[in-house]
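Student: Read off the chains here:
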Amino acid sequence: MNEQRVSEILTKYQADPGAVIAILQDIQEEFSYLPKNALMIVSRELDIPLSRVLSLATFYTAFSLKPKGKHPIHVCLGTACHVRGAQLVLEKFERELGIKTGETSPDMEYSLDAVRCVGCCGLAPVVMVGEDVHGKITQTKAAGLIKKYKK
Amino acid sequence: MAEKAKDKTYRLHLMVCAGTGCVSNHSYEIKEALEKEIKKHGLENEVTVVPTGCNGFCERGPILVVQPGNIFYQQLAVKDVPHLVEEHFLKGRLVSKFMYTPPEEKKPVPVLNDIPFFKKQVLIALRNRGLIDPEKIDESIARDGYKALVKALTEMTPDKIITEITLSGLRGRGGAGFPTGLKWQLVRNAASSNGGGKYIVCNGDEGDPGAFMDRSILEADPHAVIEGMVIGAKAIGATAGFVYVRNEYPLAVQRLSIALDQARDYGLLGSDILGTGFDFDIQIKRGAGAFVCGEETALMASIEGRLGEPRPRPPYPAQSGLWGKPTCINNVETWANVPMIINRGAKWYAGIGTETSKGTKVFSLVGKINNTGLVEVPMGISLREIIYDIGGGIPGGKAFKAVQTGGPSGGCIPREKIDLPIDYESLTEAGSMMGSGGMVIMDQDTCMVDIARYFLSFTHEESCGKCTPCREGTKAMLDILTRITAGKGTEEDIGLLQDLALSIKDSALCGLGKTAPNPVLTTLRYFRDEYEAHIRTKKCPAHVCRQLNIYTINPETCVKVGRGCDVCRRNCASDAITGQKNEAHVIDRAKCIKCGVCFDVCNFGAVKVD
Chain S
269 MNEQRVSEIL TKYQADPGAV IAILQDIQEE FSYLPKNALM IVSRELDIPL
319 SRVLSLATFY TAFSLKPKGK HPIHVCLGTA CHVRGAQLVL EKFERELGIK
369 TGETSPDMEY SLDAVRCVGC CGLAPVVMVG EDVHGKITQT KAAGLIKKYK
419 K
Chain R
6 MAEKAKDKTY RLHLMVCAGT GCVSNHSYEI KEALEKEIKK HGLENEVTVV
56 PTGCNGFCER GPILVVQPGN IFYQQLAVKD VPHLVEEHFL KGRLVSKFMY
106 TPPEEKKPVP VLNDIPFFKK QVLIALRNRG LIDPEKIDES IARDGYKALV
156 KALTEMTPDK IITEITLSGL RGRGGAGFPT GLKWQLVRNA ASSNGGGKYI
206 VCNGDEGDPG AFMDRSILEA DPHAVIEGMV IGAKAIGATA GFVYVRNEYP
256 LAVQRLSIAL DQARDYGLLG SDILGTGFDF DIQIKRGAGA FVCGEETALM
306 ASIEGRLGEP RPRPPYPAQS GLWGKPTCIN NVETWANVPM IINRGAKWYA
356 GIGTETSKGT KVFSLVGKIN NTGLVEVPMG ISLREIIYDI GGGIPGGKAF
406 KAVQTGGPSG GCIPREKIDL PIDYESLTEA GSMMGSGGMV IMDQDTCMVD
456 IARYFLSFTH EESCGKCTPC REGTKAMLDI LTRITAGKGT EEDIGLLQDL
506 ALSIKDSALC GLGKTAPNPV LTTLRYFRDE YEAHIRTKKC PAHVCRQLNI
556 YTINPETCVK VGRGCDVCRR NCASDAITGQ KNEAHVIDRA KCIKCGVCFD
606 VCNFGAVKVD
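The listed protein sequences correspond, in order, to chains S and R.
The working numbering numbers the first residue of the first sequence as 269 and each following residue consecutively.
The working numbering numbers the first residue of the second sequence as 6 and each following residue consecutively.
Calculated directly from the structure, the hints in this document are not laboratory data.
One or more of the hints may lead you astray.
[Said to hold, decoys possible] Partial pick of chain S residues on the chain R-facing surface, computed with a CB cut under 8 angstroms:
hint : residue
1    : V288
2    : Q293
3    : G346
4    : A348
5    : R384
6    : A392
Idealized CB from N, CA, C, for every residue including glycine.
Build the full structure now, drawing on both the sequences and the hints.
Tutor: Rendered as structure tokens:
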């Protein structure tokens, strides 16, 4: 882990304890998870008990304590997606990737998560890969979508 | 003034939708292709391409509207662009093959306003949708942006502003419908303790699944929200404001921060706004993924950098909000309405809507409906008008079953109530609620028990865990619903669900828990027969609850009509199908995981589900 980056993020927010969530978000973005050392640095520099930092890190779903894959896949399970068969799409991804929801593939290429509504309900069912939104994804389209991101 | 020198008058403006939906349908690639072709034909001084916020008709993206003329092109692909540019923008001939044809009609409709989806809409909060580039403040100003701010800051006293908002009848668009003017008055009157100061908050934590109007407003017209907040700040005497935006909306955050910078540059935000001596600035706070943070006390905790857990009220935020100071929290859509009320007056606004619910409401029309998208309609419009006139009815000629409003806190309104006029009171009376404006349409293939289970799994997962009724009660209800959808329910389960629902409603700490049982209560009220079918016959009438489904292949249809096409076998996820080309295929029930792919891919109707 690059401790220098953590310090830079802390400096950006002038080590303001009120900005702890924003700081954790930047760290999550930088490393694709919250490394233990980073949390310890945040706790020390902001003078917030590590237990409180950890409680924030586990309360909010944007944070992960384990590294995520290079291509994080988020299958939307919002209501509109649900009535158009999103659960089946999610299970199809589990089978195709050979991992369960919440897990990362052993080669660190993909991670699979369910998400509650990305606000693209017009295109349901929706799957996000990284920042890209893909609409009207069916079970039969799932495999092709994974292939698209294969290096 | 270098910017000014670049300003040109163009013959045509091509408004390309750059809302999240259209962007995912490659609208930026369309924009680039348009620019390239325009240049190729030497039209760059006559025709310009403008990326706009969400047009609303997401189903038909990517969307291009040509101004002047309001010509609506839809579902464009990059390969269509050369033809379109040459025909329309060079030769002046409209291209009907890229136009929209309403279902059951043969002729395409060229002009946006003539399309049924747009015809009945009344745009107040979405007044600038598709008309401006949200990243350019000048375009907002050209459409009367910040005119209300000038009026409020230079001609109106805080009391006058509050009176105007009160008389307009505007109520909170986040769901609960609290009168906005009254809220402002309470915050204005509240004495600020420990050193003074009051806060303004814009709640953009649009967590209800199936609702995306706030995202769309922030992306399409961020200045409308900023302007509303500055006017609110002047009225209540606030010096600082926050916009809390969901983590899942990166584009909204990006456009809003551009807008904030531009407003500061123009002296419309920050210190000494318009030279009136009034100071007010706005910061963006990104949410971190917690549904409960849409609840105002949890939201404030999250802004302060703490766990997003609600606390009991009173004290209300108007008395003790952010860092213990009086705080006025309104949602995105509410703020976006404010400038229009100041500009056109309370009387005008109150002239739209019903007795108790004034103005318009933005709904996201999604689910089993032909025209999915975002619509703004006057309060009091009937569900039938929204679903059939604007929404174009149910796809595939299927039967409409219910509409779900209010997200996980709301309920399902059945077909019998399709002529219900929509306002805060009528929806509550029907057992649902306005909520933030999600409207999920359900047809005959939707299972209402599954929907109830879905919402309970949502609220159970999103429950912060602080109070027992919500934490444990939603779990108990979810267990029962899961049991019923698995065909293991008993007759007592319905009574048990009802008892649990009523006690959670009474005893939970915050809105999330208090309203969590609503989806169960309304489905029990209107669709009890579906619960009974699951319990008594162990069947899901809509064939949604998969554990109760049995898939079979009709051998005759498979061979005679489909000639044993083998598509099902190749797509089967669990190797449960055997058979060869020209032969009847068979599903091995022991291996079948009931994913339904065979049913979806069979073009001959040979796969049956019971």
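Student: Look at each hint and say if it fits the structure.
Tutor: Against the structure, the hints:
Hint status for V288 (chain S) relative to chain R: holds, with the closest Cβ pair at about 5 angstroms, below 8 angstroms. Satisfaction of the interface hint for Q293 (chain S) is found here, the shortest Cβ-Cβ separation to chain R being roughly 6 angstroms, below the 8 angstroms cut-off. Hint status for G346 (chain S): holds, given a least beta-carbon distance of 3 angstroms to chain R, under 8 angstroms. With 8 angstroms as the threshold, the beta carbon of A348 (chain S) comes within range of chain R, its nearest partner Cβ sitting at about 4 angstroms, so the hint holds.
Proximity of R384 (chain S) to chain R holds as hinted, the smallest CB-CB distance being about 5 angstroms (cut-off 8 angstroms). The beta carbon of A392 (chain S) is positioned within 8 angstroms of a beta carbon in chain R (closest approach about 6 angstroms), and the interface hint is therefore held.
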